[in-house]
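J.: What follows is the residue order along each chain.
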Amino acid sequence: MQKYSVFSLIKNAFKGHKDWEVAWKDPTPKTEYDVIIIGGGGHGLATAYYLAKEHNITNVAIVEKGWIGGGNVGRNTTILRSNYMHDQNGLFYELGMDLWRNMSQELNFNVMYSPRGIINLAHSDAQMNVYSRRGNSMRLNGIDAVLLGREEVKKIVPMLDFSENVRFPIFGGLMQPSGGTARHDAVAWGYARQADSMGVDIIQHCEVTGFDVINGKIKGIKTSRGNIKAKKIGLCVAGSTSILAEMLNMTLPIETHLLQACVSEPIKPILDHVVTFGAGHFYCSQSDKGEMVMGGDLDGYNSYAQRGNLPTLQHVLTEGIAMFPFLSKLKMLRTWGGIMDMSMDGSPIIDKTHIEGLYLNCGWCYGGFKATPASGWTFAHTIAQDKVHKLNAGYSLNRFHTGHLIDEKGLGTKTWIS
Amino acid sequence: MLHIKCPYCGMRSQNEFAYGGDASVTRPELNKEILDSEWDSFVYLRKSLKGKHLELWHHISGCRQWFKVQRDTSTHEIFKTLKPGESI
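Quick note, the sequences are listed as chains C and A, same order.
Going by the working numbering, the letters in the first sequence line up with residues 1 to 418, in that order.
Going by the working numbering, the letters in the second sequence line up with residues 1 to 88, in that order.
Derived from the structure by calculation, the hints contain no laboratory data.
Since this is a predicted model, take the numbers as computed values, not measurements.
Check each hint, because a few of them may be wrong.
[Said to hold, decoys possible] Estimated spans, in silico, between C-beta atoms of each pair:
# : chain 1 : residue 1 : chain 2 : residue 2 : range
1 : C       : Gly210    : A       : Gly10     : 55 to 65 angstroms
2 : C       : His389    : A       : Lys32     : 38 to 48 angstroms
3 : C       : Thr335    : A       : Cys9      : 23 to 33 angstroms
4 : A       : Met11     : C       : His389    : 18 to 28 angstroms
Using N, Cα and C, we set each Cβ at its ideal position, and we do this for glycine too.
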């Protein structure tokens, strides 16, 4: 594999950029692999990469119905954080933060990791108490957390609405200084390029149409490009999980919902943190191009449409303007939607299933992007060792049956509960 | 924006309604011995169909009645709305 560096850039510039190798090949599917990963999004690519790197399993295929980078890995708002209270979440996402820190070097691809800090605003004394409890839990798990008072928030993000007569005055906030953003396309491309170089076949435009299950064991998949055999198969298909589950006669604690995001026209640097509203669901950061990147609530009804409706966007931006009044002066550049695998407790599932050799990775709700490396790392472990790692032991499929829900926020599909 | 025909009030915009989830789910019968798995499946498990989906909506800013909607989850087309006791 060609190494990317400033020297290779200069060398290729003199050759008119004609000698760059393709970043990943376009192979024809073989008849059999050791492991097939269904879904070539961030999590699928990361899983294949860690299977090869950590477990030396390289006879792997990634089967993707669209193209690399076309799903949720290219539709999210690029936020990274591990500001969770519960141990299962905190430790899992903190593994992710460790992997994010070295990702550009490890993948030889600049993912533009930017630990600019994430601030959750608090709008009441009660919320400050809740945040201080969460901050303490985070610090006990080795995650950085700082409780900020109103004046401290004002110093860091002066353009927030600090006037007296507002519906939700700012009392302070909880900051995770190591939270931030990364360039989402680069994450997909970086993992794809490295996985490909280690022997993983990335098969695009190949839709799964059925499964071969004999006596409770997985034998292979049927696809639009022929049948492929494998003894181990991992599902990493986010919003399409329920469609594949139906082919397997499984019913999951998952509903597919629509989540929208939008960016404004680019403006000069004004916001160098990620900031979230504490009295509703709205978050905002500024991209390197200067666009304000914003998102919020689900559209609220089951949907596979990948495009949203205006009422939700209007609701979300109303919250945005309450927080940052200057947003009302900006024009929207783009809005888009993605389909989310909303689990019933708002926490993900990374587990084995009742079918031998079939592994499940789903339920990422609003927060799949930040989990990309940790999800790939633990899912690769689960597939390679045929047992869950202690970091994803809490994300079991049967927790809904046993009652061991991880109710970090208790949101899940029913956003109106909050 | 969705336009939903409330069976009681007629055509209204989506803003007046709240979503209530899959209408095909039935609560286990009262006072009957049930397995944990039946309760589990009532509370948590959903088919989440792609295509025609029968679901509950609540006319929360209108007559406040619950009713059923048959809607396509990939095109958002609404085929039919029904009162709670009616079936397709």
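J.: Determine which of the earlier numbered hints do not hold for this structure and return their numbers in increasing order.
T.: Checked against the structure, the hints that fail are numbers 1, 4, while the rest are satisfied.
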